[in-house]
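Enquirer: Chain B: place on chain A using the hints.
Protein chains: 2
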Amino acid sequence: MKIVIDAFGGDNAPKEIIEGVLLGAQKHADVDFVLCGDKQKIESILNSRDGGKFTIVDAPEIITNDDMPTEAIRNKENSSLVKAFDILKNDEDAIAMVSAGSTGAILTGAIMKIGRIKGISRPALAPILPTKLPNKDVLLIDSGANVDCKPINLQHFALMGSAYYSILYGKEDPKVGLLSNGTEEHKGNELTKEAYPLLKQAPVNFIGNVEAREYMSGSVDVMVAEGFAGNVLLKASEGAVLAVLSLLKRSIKSHLSSKIGALFMSKTFKELKGRIDVLGKHGGSPFLGCKKLVMKNHGSSNRNNIASSIDQAILLHQNKLIEKIGKALEVASGSNA
Amino acid sequence: MKIVIDAFGGDNAPKEIIEGVLLGAQKHADVDFVLCGDKQKIESILNSRDGGKFTIVDAPEIITNDDMPTEAIRNKENSSLVKAFDILKNDEDAIAMVSAGSTGAILTGAIMKIGRIKGISRPALAPILPTKLPNKDVLLIDSGANVDCKPINLQHFALMGSAYYSILYGKEDPKVGLLSNGTEEHKGNELTKEAYPLLKQAPVNFIGNVEAREYMSGSVDVMVAEGFAGNVLLKASEGAVLAVLSLLKRSIKSHLSSKIGALFMSKTFKELKGRIDVLGKHGGSPFLGCKKLVMKNHGSSNRNNIASSIDQAILLHQNKLIEKIGKALEVASGSNA
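In order, the protein sequence lines correspond to chains A and B. To convert, note that position 174 of the first sequence is 229 in the working numbering; the numbers rise steadily by one, no gaps. To convert, note that position 105 of the second sequence is 160 in the working numbering; the numbers rise steadily by one, no gaps.
Pulled out of the complex, with its shape left as it was, chain A reads as follows (with noise of 0.2 Å):
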């Protein structure tokens, strides 16, 4: 079992990214690691602290957030990227690419390099947020990556959403929630009143329509959303999520006795801290409907959150990720027709 690594992507990198694959290979000894980058600078972080198991392929261009997508999946044969990808097709032996890269070509190079699983037209990408609930995270498809999705599209995200929440965190049956502006099943605007009947038709546990405001309540373990629309849940959750702890900074500043507090809370600023940072925990996202696993970590991704995304690449191997979408849409597929 071999897992790709695009050494060259992300902020950190490629320091963060190569002490995240030794950590990933210290837990994960069958694991062989194919490192894709400038050889030279490779070896040179290694210092041979891999006891040479690791395989490097040198790929020394490097695409940045300001190459055009398609152009540079194109164009850029020689980057840490492409070369990840092309192995990641090639090898049968490949399961997974983990790389911290510019997000537009990570998911350019998944469709062009990778292809699809069929019948699934638009991949998705499913970030987890933290919840109110001390142990229940939430799963968002799609955030941002398809815009003016189609009904059936988001009855696809349903089954990819569930399948996956179902292996990250071992729960059969997740609840799976259609984000609207109210609750009733006539609720909504026309794509989600069209995708509705899909949704409830699909194996899976459809709970009915989900407003913004239960994301982080933990009443919903999926939460199924044309890309636009999750996006602004996505990001306005953080954004008030930010804001308040920017108000809080704010006033206690501003009085002494605030202060003093403060110093007494600091068990509860650190929770608070370690509660709402959910990416230190997964890592990355699977862009999930391609026909392999490609990982998809945050650009400030360091050490900790590539070995992560390393555990969980594994995990969505060993549990079937993609048969399981593969299987599902058959069923949905059967009662669409």
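Keep in mind the hints are simulated off the structure, nothing from the lab. A portion of the hints provided could be inaccurate.
Here are some of the chain A residues that sit facing chain B, going by a computed Cβ distance under 10 Å [claimed, not checked]:
id : residue
1  : Val-287
2  : Leu-297
3  : Ser-309
4  : Phe-319
With a Cα cut of at most 30 Å, we get these calculated DSSO-like pairs of lysine-lysine [stated by the list, open to error]:
id : chain 1 : residue 1 : chain 2 : residue 2
5  : A       : Lys-304   : B       : Lys-314
6  : B       : Lys-242   : A       : Lys-131
7  : B       : Lys-187   : A       : Lys-322
8  : B       : Lys-328   : A       : Lys-325
9  : A       : Lys-328   : B       : Lys-308
10 : B       : Lys-375   : A       : Lys-187
11 : A       : Lys-304   : B       : Lys-304
12 : B       : Lys-191   : A       : Lys-325
13 : B       : Lys-322   : A       : Lys-314
14 : A       : Lys-248   : B       : Lys-242
15 : A       : Lys-325   : B       : Lys-187
16 : B       : Lys-255   : A       : Lys-322
17 : A       : Lys-304   : B       : Lys-255
18 : B       : Lys-314   : A       : Lys-191
19 : A       : Lys-308   : B       : Lys-314
20 : B       : Lys-226   : A       : Lys-308
21 : A       : Lys-205   : B       : Lys-191
22 : B       : Lys-322   : A       : Lys-328
23 : B       : Lys-191   : B       : Lys-375
24 : B       : Lys-308   : A       : Lys-226
25 : B       : Lys-375   : A       : Lys-304
26 : A       : Lys-304   : B       : Lys-230
27 : A       : Lys-242   : B       : Lys-57
28 : B       : Lys-375   : A       : Lys-322
29 : B       : Lys-308   : A       : Lys-304
30 : B       : Lys-308   : A       : Lys-187
31 : A       : Lys-205   : B       : Lys-255
32 : B       : Lys-191   : A       : Lys-314
33 : B       : Lys-304   : A       : Lys-328
34 : B       : Lys-187   : A       : Lys-191
35 : A       : Lys-314   : B       : Lys-304
Built from N, CA and C at the ideal position, the CB exists for glycine as well.
Expert: Using the frame of chain A, we list chain B on its own:
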């Protein structure tokens, strides 16, 4: 100058509504208040405290959230809300109507009874939210009254929101942003891409696409959104704020040191609560795009919210909100043609 009050709309009606009007009357001696609702009950609450100055219009029926809006407006002629609309429509001196009743019925009644400003096909609700900055709020238009909008509707939202914000905060040329999934001009969905040039040529200070993350950052004054996305933005922000407060509370309870710290931080928690609750400051939102001022208050409004809503109605009337919207619309129609 008269203000018409639906004395029987809202969770705390009629008591808190009437107390709110009494507060408003103390401040605005030149305004005549017309209270619609069960006359006997209104009189018993007033208990002559208005010095016989209020006009009471007997309207014993009540419209609830369970009523279908269109039917209720058509058939419940003797309801406090319909009577209030009739007076607002027919009495030239009536400048505004204030209600904390069913949102659907208020919006339907506003369109059926009062009518739209010429050229505006979709009036909109524009609630105000706090930002992370101390003295800066942000206006969202539309927050859910209109889904499946056309590009021209978003241009109208920009004009109306800008005129409203400018009066409410005394700020000329407030910054108007278009909610999108990225800041670049080419980002967005079909709707926002078509709306972009229309906002650019409108007589407002258009600053371009704005991501949901920026909503509470204070970098924009008026956020223009199609109603579905706007609803997601509003409710996701509310949900996230509540989730952070809930996590904070739970964590404080579970550590003795945090409990002690929290005692010292009472000023900060009070400030945070006050900052988040903008509702109390403004009372209600006008339903923008109608021929006369229809102030929609939250169902849970108390006397202070009603009094604030009366203040706001007078401010908007004195500063000629409706005329300003009409003029901006003429300018925009000129450049659209």
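Enquirer: Output the indices of the hints that this structure fails to meet, ascending.
Expert: Hint check: 10, 16, 17, 21, 25, 27, 28 fail, others pass.
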